[in-house]
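**Student:** Based on the provided sequences and hints, a complete structural model is requested.
There are 2 protein chains.
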Amino acid sequence: MPGIIKERLFTPGPTPLLLEAQLRALTMTLHHRTDAFRALMRETLDHLRYYFNTKNDVIMFASSGTGAMEGAVSNLLSPGDRALIGTAGKFGERWVQLTKAYGIESVVVEAPYGHPVPIAEMKKHLESSGPFRAVFIQATESSTGVRNDVEALGRAVSALPDCCFVVDAITGLGTTDLQPDDWGIDILIGGSQKATMIPPGLAFASISDKAARAMEKSKLPRYYFDYLKERKSLAKGESSYTPATSLVVCLHDSLDYIKKLGRENLIANAALLAEATREAARALGLTNFAVSSPANAVTSINAPAGIESTKVVKEMRSRFGAILTDGQGSMKGQMFRIAHLGYYDFLDLLAILGALEISLQKVGHKCELGSGVRAAQNVYLRHSS
Amino acid sequence: MPGIIKERLFTPGPTPLLLEAQLRALTMTLHHRTDAFRALMRETLDHLRYYFNTKNDVIMFASSGTGAMEGAVSNLLSPGDRALIGTAGKFGERWVQLTKAYGIESVVVEAPYGHPVPIAEMKKHLESSGPFRAVFIQATESSTGVRNDVEALGRAVSALPDCCFVVDAITGLGTTDLQPDDWGIDILIGGSQKATMIPPGLAFASISDKAARAMEKSKLPRYYFDYLKERKSLAKGESSYTPATSLVVCLHDSLDYIKKLGRENLIANAALLAEATREAARALGLTNFAVSSPANAVTSINAPAGIESTKVVKEMRSRFGAILTDGQGSMKGQMFRIAHLGYYDFLDLLAILGALEISLQKVGHKCELGSGVRAAQNVYLRHSS
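Top line first, the protein sequences correspond to chains R and V.
Going by the working numbering, the first residue of the first sequence is number 624, and it counts up by one from there.
Going by the working numbering, the first residue of the second sequence is number 624, and it counts up by one from there.
Identical copies look the same in the list; a pair holds intra-copy or inter-copy alike.
Dumping the calculated DSSO-like pairs for lysine-lysine here, alpha-carbon to alpha-carbon at most 27 Å:
no., residue 1, residue 2
1, K882, K629
2, K937, K883
3, K852, K678
No lab work stands behind these hints, which were simulated from the structure alone.
Keep in mind the model is a prediction, meaning the values are calculated, not measured.
**Tutor:** Shown next, in the form of structure tokens:
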């Protein structure tokens, strides 16, 4: 039955776009060495400070989030420095690869997929295996759908005067309560194609005073991702190299939207959708991949017994145009993920759950039609007046 | 709980827009006295012929659908002519007002709201109360959600050499199987803000040879809505007066999309959504306003017992940004309507039904959460492989 099928992204990046912000980029004169653009850039950086919930400066690069992650390594450290890494999945493993690429020795605390990084073990290493110049972790690990306790870890790191705390919050920002200044997060990293509702192409990073002091002393090679150079340029409203102008305009306007909505409400929105999705999965006889501490950014759901998750993902795409993600790497076929990052509302969730129920039946998983939707509706009713 | 709320139209016009078609109008040079625009206009008229399922010429006006309805009256008739009108609701009543405005005496066959026009009675009038120069009716009456049997009526009128058959298919086109050439429909009328997925501002009308002959003899006053003048101009790719250029470009591209999808599939899509909505309403303990012959264009649902439909409409709008329509005129408060005109897919329906269940509970109507969604899912499964 070939009917109308609208493609819908439920992936943890890229995410659904805020059309109003996209359209703005079509109507604005976009030369970056103009007063108008400098003013817009400065306002955007202020917006980012609000979005990051920090008093620190936030810089941006024309790059994917990984660029800012690389910059955190190359700007903070020097040859011979040691790092402590907490990893709970594919993105945690990126910290391991990045430090290795720069010849930095690291101690890695690894959580099994589906579990958060054991913070107690991280603390023990801080006390007994140091000194470390930097600690790296994710706020939310989007390959497994797990949230790490960055508050507890941050408070421990901030007691160490010569060690910086770096948090990849690429999917954590806008989905998770983060208090970088109180928790001692020295570098907080974000990306544009996530809860900011715009396309890929921009990376963000906040810089604490402690981080800036460390950068002045650090000796690893860097050029494009030079944090302090960029901070100095951006203070004048100009990036060191050509900025991705259309994305900056989009970002400015999407952050306008987010300011109006309220950062807390954006986070509460993701939290509601995530909770409703977890409850729906249970009602449909499925289990959540996150054993504990599930993230609001993305919900990971184990494949139905005896059925590859890849089949569910394919059914959703071909039948309904709904794009979910399969597990990454060794998790492929084992689980699938539904994202709640940014521009989703409750009707988006009702639609995806109703489609999921049909797809599960089609791949041979027995479940009661409407029961996942009902579980989500009950979560909505618990939280609304 | 203030979260993200996306506004969604579920009204029988305007309808959700096909963004791709909108964007085209931004990028095209839009002067109407150019070869490029003439070529585009001619292609659009060809597309309209496909969309109308007719070999007759189709003309367009920069106006709402009512303009083309007025034109049908003023182009076909002369002072002293009589007309037969079948009306089943607010839009049928417009034929009565239009003929009255031009001093045309008419015989009106009126169905109670919720019922289709009794065709047998229309036929009896054709046989015994004539002569009539024209017969007017709606393919689907969107104020009540009812479909009229235009085939049976058309076959009867086509036997009369001096009587033309005029069908307002403003919400019928793209939602209902119509075979104007076989059924003897002399003028078929459409509007842009319906299943063509573009904004309001264009009206369409097909003209049979029989209608053209009648127009040559007719003596009612007309100027802007002169059908034959417009047909002559448009044959050269130019409208008589300034065309609504951006809408023509949108229409061209939306009809491209519809041709690729297939007219039959567009209609089947609306039929599926309408059937699923009716079943969902029943599962939720509600009754359909259309007593028989429900339209695919829009489903009208009676208010829950003891509760004004206005409350349901308000709840849907304030809580979920979902815009439904209340009953019109004397039907206000008595029923509400969910449209299936054009650019809707099954996920749109799942979303609206899930939201409706919550809204019904909130206004005090007892229903099982998820049960309307399940009824719709079962309709989907019956029709899909």
